[in-house]
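Protein chains: 2
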Amino acid sequence: MKVVCIGSGNVATHFSTAFVAAGYELIQVWSKNQDHAILLADQVGAQAISVEADIDLHADLYLIAVKDDAIPEMVQVLAEVDGLVVHTSGATDLVIFPASMKNCGVLYPLQTFSKTKALDFSKVPLCLEAKNERVLAVLKKIALSLSPLVYEVNSAQRRILHLAAVFACNFSNYLYAIGQDILEKNQLDFEILRPLIMETAEKVQHAFPRDVQTGPAIRNDEQTLSKHKELLTGMPELQDLYETLSKSIKKTV
Amino acid sequence: MKVVCIGSGNVATHFSTAFVAAGYELIQVWSKNQDHAILLADQVGAQAISVEADIDLHADLYLIAVKDDAIPEMVQVLAEVDGLVVHTSGATDLVIFPASMKNCGVLYPLQTFSKTKALDFSKVPLCLEAKNERVLAVLKKIALSLSPLVYEVNSAQRRILHLAAVFACNFSNYLYAIGQDILEKNQLDFEILRPLIMETAEKVQHAFPRDVQTGPAIRNDEQTLSKHKELLTGMPELQDLYETLSKSIKKTV
Numbered sequence: 001m002k003v004v005c006i007g008s009g010n011v012a013t014h015f016s017t018a019f020v021a022a023g024y025e026l027i028q029v030w031s032k033n034q035d036h037a038i039l040l041a042d043q044v045g046a047q048a049i050s051v052e053a054d055i056d057l058h059a060d061l062y063l064i065a066v067k068d069d070a071i072p073e074m075v076q077v078l079a080e081v082d083g084l085v086v087h088t089s090g091a092t093d094l095v096i097f098p099a100s101m102k103n104c105g106v107l108y109p110l111q112t113f114s115k116t117k118a119l120d121f122s123k124v125p126l127c128l129e130a131k132n133e134r135v136l137a138v139l140k141k142i143a144l145s146l147s148p149l150v151y152e153v154n155s156a157q158r159r160i161l162h163l164a165a166v167f168a169c170n171f172s173n174y175l176y177a178i179g180q181d182i183l184e185k186n187q188l189d190f191e192i193l194r195p196l197i198m199e200t201a202e203k204v205q206h207a208f209p210r211d212v213q214t215g216p217a218i219r220n221d222e223q224t225l226s227k228h229k230e231l232l233t234g235m236p237e238l239q240d241l242y243e244t245l246s247k248s249i250k251k252t253v
Numbered sequence: 001m002k003v004v005c006i007g008s009g010n011v012a013t014h015f016s017t018a019f020v021a022a023g024y025e026l027i028q029v030w031s032k033n034q035d036h037a038i039l040l041a042d043q044v045g046a047q048a049i050s051v052e053a054d055i056d057l058h059a060d061l062y063l064i065a066v067k068d069d070a071i072p073e074m075v076q077v078l079a080e081v082d083g084l085v086v087h088t089s090g091a092t093d094l095v096i097f098p099a100s101m102k103n104c105g106v107l108y109p110l111q112t113f114s115k116t117k118a119l120d121f122s123k124v125p126l127c128l129e130a131k132n133e134r135v136l137a138v139l140k141k142i143a144l145s146l147s148p149l150v151y152e153v154n155s156a157q158r159r160i161l162h163l164a165a166v167f168a169c170n171f172s173n174y175l176y177a178i179g180q181d182i183l184e185k186n187q188l189d190f191e192i193l194r195p196l197i198m199e200t201a202e203k204v205q206h207a208f209p210r211d212v213q214t215g216p217a218i219r220n221d222e223q224t225l226s227k228h229k230e231l232l233t234g235m236p237e238l239q240d241l242y243e244t245l246s247k248s249i250k251k252t253v
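Those protein sequences? They're chains W and F, same order as listed.
Going by full-length UniProt numbering, the first residue of the first sequence is number 1, and it counts up by one from there.
Going by full-length UniProt numbering, the first residue of the second sequence is number 1, and it counts up by one from there.
The hints are simulated quantities; they were obtained by calculation from the structure and are not laboratory data.
Check before you lean on any hint, since a few could be wrong.
Same chains, same label: a pair holds when it works inside one copy or across any pair of copies.
[As the list claims (entries may be wrong)] Mimicking DSBU-like on lysine-lysine, the simulated pairs with C-alpha atoms at most 30 Å apart in a straight line are:
1) LYS32 / LYS2
2) LYS131 / LYS227
3) LYS227 / LYS123
4) LYS67 / LYS2
5) LYS251 / LYS227
6) LYS131 / LYS250
7) LYS32 / LYS185
Whenever a hint applies, use it, and build me the whole structure from the sequences.
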């Protein structure tokens, strides 16, 4: 199966590598920036291109992994191809593809990618949506060749997943960062907090977070709560955040 | 070395098991509740007791792992022993021990424990404080026999660690729980979010959270931010939380 990768960022890079590992032929990597295209294309043995007109229109699969606001333009470019065209965006509905396009869908990876960190693609949940059942069946086969974690998810559900991911991933990371700040301000090394962060995530791999909530708020430990608020004197934003989150946790009891 | 464990909760259980695994002799487990004492004592081959007067006053080490507000009473009971007395509380200062007690200190595990989840004790950071250098040296040896992650931390720093842990662990878990709620309300399985939670924690094991922040807020992606706020219509508390956290993240750019 011949694949063209549209984009050269984190998502494009991890997908391309996974496709090659699964035996697909990466024929082209397109990026607005030729240098970026070369960087990824060289890794996966593909041709690097940066001109839209150079895109091979006879591939079997086109993976659009560009910024959300650049998707419509790329869809336009690929409007006439026979191959399967998929985008990888959590926040973009299937209707971004015009009605005339039949062989298209969504292949949304619910995972956080960084170029600097290797990632086991078998741990990437892939959320699928397609124009019709026939295309869905094809897309499912492709997805299962990359990861066993394959889910059928419609556009409305995908928006919800993206929102839940912001809470569970982006916001959690921000709370880790607050931990880092608090420690550094007090000459303590972030290193000391890392095992706790790891265990907190591991705990919910086989349990539900609602069932394993710990800490002073859920215990209604007012003494510790007020000690902590005192420690945050001079940091009104963190004080507010501490109070808001603690109040919410108390309500869930 | 003969150890008496005061307490039978999560911390007492994990410490007792680790002590036994490291070759210490657990001679007694004390708990206010005899049934709880028996449950743990049976696991570690110790005598279960629930009467303070039954505590063997000739042990080498007393581990106090009870609720914070019960610590003063247990310190009182152990005021005259020759053995080393340590408490395990993040929020309790060293001065909880009277001046007359010289052989005492703190052995605070910066980790989240649940009885139902096995935990590799070598991944538990142990934070030490002691009355004097001699005691600290003894405590350090003991700590290193349980875990390689040993840190000297004074009472003021320990309070800070505890605060940072609330943000990085308790509050993060609460954000996972919000993710769970949002998914369940939309007939989506929490399972799909688990790999992302794991990868988010793994990412900061070799990087700093400040350097790997992702998501719509850090990208200033106003379109997604307002879409998400719209999805949270009817959930004013989550809307507020979303806005507060996003604003804070934007400020860090």
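To see whether the hints hold, each was checked on the structure:
1. Taking the shortest alpha-carbon separations for LYS32 and LYS2, only the intra-copy value of 21 Å comes in at or below 30 Å, while the best inter-copy value is 69 Å.
2. Only between protomers do LYS131 and LYS227 lie at most 30 Å apart by alpha-carbon distance; the minimum there is 23 Å, versus 56 Å within a single protomer.
3. Taking the shortest Cα distances, LYS227 and LYS123 sit within 30 Å of each other only across copies (28 Å), while inside one copy they are farther apart (40 Å).
4. Proximity of LYS67 and LYS2 under a CA criterion of 30 Å is satisfied intra-copy only: 23 Å inside one chain copy versus 63 Å between copies.
5. For a Cα distance limit of 30 Å, the shortest separation of LYS251 from LYS227 qualifies both inside one copy, at 20 Å, and across copies, at 26 Å.
6. Taking the shortest Cα distances, LYS131 and LYS250 never come within 30 Å of each other, neither inside one copy (45 Å) nor across copies (37 Å).
7. Proximity of LYS32 to LYS185 under the C-alpha cut-off of 30 Å is found in neither arrangement, the shortest distances being 42 Å within a copy and 40 Å between copies.
Consistency with the previously given hints fails for numbers 6, 7, ordered from lowest to highest.
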